[in-house]
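Novice: This is what each chain is made of:
There are 2 protein chains.
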Amino acid sequence: MRIEDVLDERADKGLPFLLQYENVAKYEDGVIYVLDRRVYPRRVEFVRCENYHQAAQAIRDMVTQSGGPRLVASLGMVSAAREARGKPMDEAIAILKQAAYELSHARPTTSQDLARQIEHLRQLAEDALKQGQDPEEITLIHTYRILNERYRNARKIASYAVDLLPNRVTILTQCFAETLIGFTLLVARERGKEVALICPETRPYLQGARLTASVARGLDIPVTVITDNMPAYILSRKMAQVFISAADVITLDGHVVNKVGTFQIALAAHYHGVPYYVLGNPSRSHARITSVEIEERDPQEVLHAMGVPTTMEGVQGYYPAFDVTPPHLVGAVVTSKGVFSPYDLARSFSAESPLD
Amino acid sequence: MRIEDVLDERADKGLPFLLQYENVAKYEDGVIYVLDRRVYPRRVEFVRCENYHQAAQAIRDMVTQSGGPRLVASLGMVSAAREARGKPMDEAIAILKQAAYELSHARPTTSQDLARQIEHLRQLAEDALKQGQDPEEITLIHTYRILNERYRNARKIASYAVDLLPNRVTILTQCFAETLIGFTLLVARERGKEVALICPETRPYLQGARLTASVARGLDIPVTVITDNMPAYILSRKMAQVFISAADVITLDGHVVNKVGTFQIALAAHYHGVPYYVLGNPSRSHARITSVEIEERDPQEVLHAMGVPTTMEGVQGYYPAFDVTPPHLVGAVVTSKGVFSPYDLARSFSAESPLD
Chain A
1 MRIEDVLDER ADKGLPFLLQ YENVAKYEDG VIYVLDRRVY PRRVEFVRCE NYHQAAQAIR
61 DMVTQSGGPR LVASLGMVSA AREARGKPMD EAIAILKQAA YELSHARPTT SQDLARQIEH
121 LRQLAEDALK QGQDPEEITL IHTYRILNER YRNARKIASY AVDLLPNRVT ILTQCFAETL
181 IGFTLLVARE RGKEVALICP ETRPYLQGAR LTASVARGLD IPVTVITDNM PAYILSRKMA
241 QVFISAADVI TLDGHVVNKV GTFQIALAAH YHGVPYYVLG NPSRSHARIT SVEIEERDPQ
301 EVLHAMGVPT TMEGVQGYYP AFDVTPPHLV GAVVTSKGVF SPYDLARSFS AESPLD
Chain B
1 MRIEDVLDER ADKGLPFLLQ YENVAKYEDG VIYVLDRRVY PRRVEFVRCE NYHQAAQAIR
61 DMVTQSGGPR LVASLGMVSA AREARGKPMD EAIAILKQAA YELSHARPTT SQDLARQIEH
121 LRQLAEDALK QGQDPEEITL IHTYRILNER YRNARKIASY AVDLLPNRVT ILTQCFAETL
181 IGFTLLVARE RGKEVALICP ETRPYLQGAR LTASVARGLD IPVTVITDNM PAYILSRKMA
241 QVFISAADVI TLDGHVVNKV GTFQIALAAH YHGVPYYVLG NPSRSHARIT SVEIEERDPQ
301 EVLHAMGVPT TMEGVQGYYP AFDVTPPHLV GAVVTSKGVF SPYDLARSFS AESPLD
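Chains as they are written, first to last, in full-length UniProt numbering: chain A, 1 to 356; chain B, 1 to 356.
Be aware that one or more of the hints could be misleading.
Put simply, identical chains are the same to the list, so a pair is met inside one copy or across any two.
Once the Cα atoms are required to be at most 20 Å apart in a straight line, the calculated SDA-like pairs of lysine to any residue come out as [claimed, not checked]:
#1 Lys156 - Glu9
#2 Lys130 - Met89
#3 Lys97 - Gly132
#4 Lys238 - Pro326
Since the hints were derived computationally from the structure, they do not count as laboratory data.
Kindly generate the complete structure, drawing on both the sequences and the hints.
Specialist: Okay, here's the thing in structure tokens:
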């Protein structure tokens with residue numbers, strides 16, 4: 001299989017700018033170009049990474065977040081494979097090993113899933129070298145094959161989500177659900193459902209205002225940004241009929257760990273009788289919520305807006321990145337296997353159940 | 001009574017910078033200096049208003065908000081009284097009338113209370129002119145007498161609020177409750193209660209981060225700023241034991257109209273068994289919540305942070321300034337007459353009941 005074949009059947013068709021493969025990151029002759037999501041949409045700029053060190057640095061600097069680092073780390077391995085090509089075998093294998101290590105450790109909390117993917121790429125590259133094949137081409141093909149799978153999976157989840165939507169609906173969301181919100185809007189439109197979107201801006205990084213709203217805009221879906229103190233009022237005015245979010249982790253006991261703010265929106269949705277659907281597959285590695293640790297990030301972030309200090313010196317900040325929504329506030333868990341009650345996830349997603 | 005006597009018994013003693021009379025606005029020889037709350041605390045700047053026109057303009061431009069316009073409008077009348085002094089009676093009376101009109105109409109929704117206060121000052125100035133007294137001195141004395149009363153009233157309310165606080169407590173608040181939060185922190189400390197404060201930043205104007213946090217800092221009260229999507233998480237972690245806010249309107253049927261976000265914090269507080277106390281006197285002119293209209297402001301505000309655009313062109317914004325918290329989420333209404341159930345306000349605050 002050639003890279004052209006993989007890209008012929010690319011799974012990002014119809015998605016707006018921000019979710020198209022090349023606008024997450026692209027690879028050209030060993031160089032990786034990463035869309036700088038820190039400044040998008042004010043500026044459309046790509047950070048140029050000439051090797052895997054710089055790719056790891058871009059991940060560390062949060063040039064891209066959410067699903068972005070997965071692609072950048074993989075392309076980092078492709079770049080390393082190119083660097084290894086033609087070197088003595090010992091040296092080549094050392095390069096691949098070092099790249100896998102750096103790319104897996106760019107962020108303190110890299111998912112096991114991503115670590116596995118990088119290790120798999122490393123193995124593929126090493127095998128290719130040993131068999132006299134081109135490690136760059138093989139890892140690149142595999143990267144896009146994985147990317148296609150990930151996007152197809154998101155489309156499947158989104159498709160189940162759209163089944164739950166009325167024909168005319170305004171969706172309230174939170175933060176940036178990436179391909180999940182992109183495909184939900186896209187599939188809803190393909191099926192002739194009339195959708196509009198309301199997104200809280202999601203301080204301190206403003207992913208809602210900067211990324212989610214841009215995705216909706218790119219699909220010509222009417223979109224309204226509100227500040228993070230407005231969701232309950234929006235719901236009290238019946239301006240949204242459903243609340244949808246992705247999740248950083250869905251535990252097998254039905255808790256949703258997602259961007260801070262999700263919990264209070266779910267609470268307000270429940271109070272107003274508005275269903276909350278969480279999109280994503282539950283995590284096999286978290287049987288219970290007790291095993292999840294809530295990351296606390298640099299408090300300085302909440303004391304600034306768009307880089308400008310918002311308060312007086314000596315004032316403390318506090319920045320929990322996520323919160324936890326308990327199962328009784330979750331109307332449905334929408335997965336690639338279908339729609340589940342939050343109370344019945346272990347049956348289909350426990351470590352023993354088959355992967356789909 | 002001379003101005004010195006009124007200012008000898010000034011009621012802002014012990015309050016931090018932002019709540020001291022001179023740092024709301026000050027009057028010197030016809031000129032009014034208004035602290036620019038739009039840029040505080042990044043910059044401490046006073047807008048110079050040379051006459052009542054400019055004072056009205058400062059109110060219109062929101063140089064000061066909350067309780068600020070009350071003092072600025074009154075000082076505008078003092079400036080007009082000075083201008084009228086020595087003019088032919090007809091002309092002098094016309095100046096006072098014009099000033100009262102402009103200062104009352106600087107903002108579309110000036111409270112009846114403020115309009116009455118300005119009209120009273122106009123009447124005092126006219127009487128003074130007719131009796132050959134100094135209208136500037138008389139209106140200035142009256143302005144500070146009213147200001148003292150307002151501050152004493154706030155201290156009384158705060159004092160009842162402090163009665164409800166445990167000896168060691170972290171208070172969650174919302175937006176900027178001005179003298180009410182200032183006195184609550186001050187009186188709590190006077191009584192040896194150990195208080196700390198958590199304030200949501202309160203987008204889009206960031207009154208929480210800029211003003212409330214600065215007031216706490218000025219009193220050396222430990223204060224933590226969070227973003228507006230964090231209160232429910234804070235409450236779930238038991239990091240605050242009480243939620244306190246002021247109100248733009250408390251209706252006689254027990255609804256609280258306050259800065260948007262109050263409702264969803266009250267909801268989260270109720271869910272976690274944390275009491276919500278609202279500080280302020282109920283409005284005689286709103287027997288029921290149905291008579292209150294929620295002001296919607298310029299949507300552009302929510303699409304910017306610290307003056308910088310946060311999203312893509314073509315994205316809509318929506319900016320309801322207030323929300324409504326229903327009585328079943330309100331633990332107590334703390335007034336200058338004492339602490340009330342939200343269900344029993346009409347008995348003491350209806351149009352027929354005596355003013356205190």
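Novice: Are there hints from earlier that the structure breaks, and if so, what are their numbers?
Specialist: none
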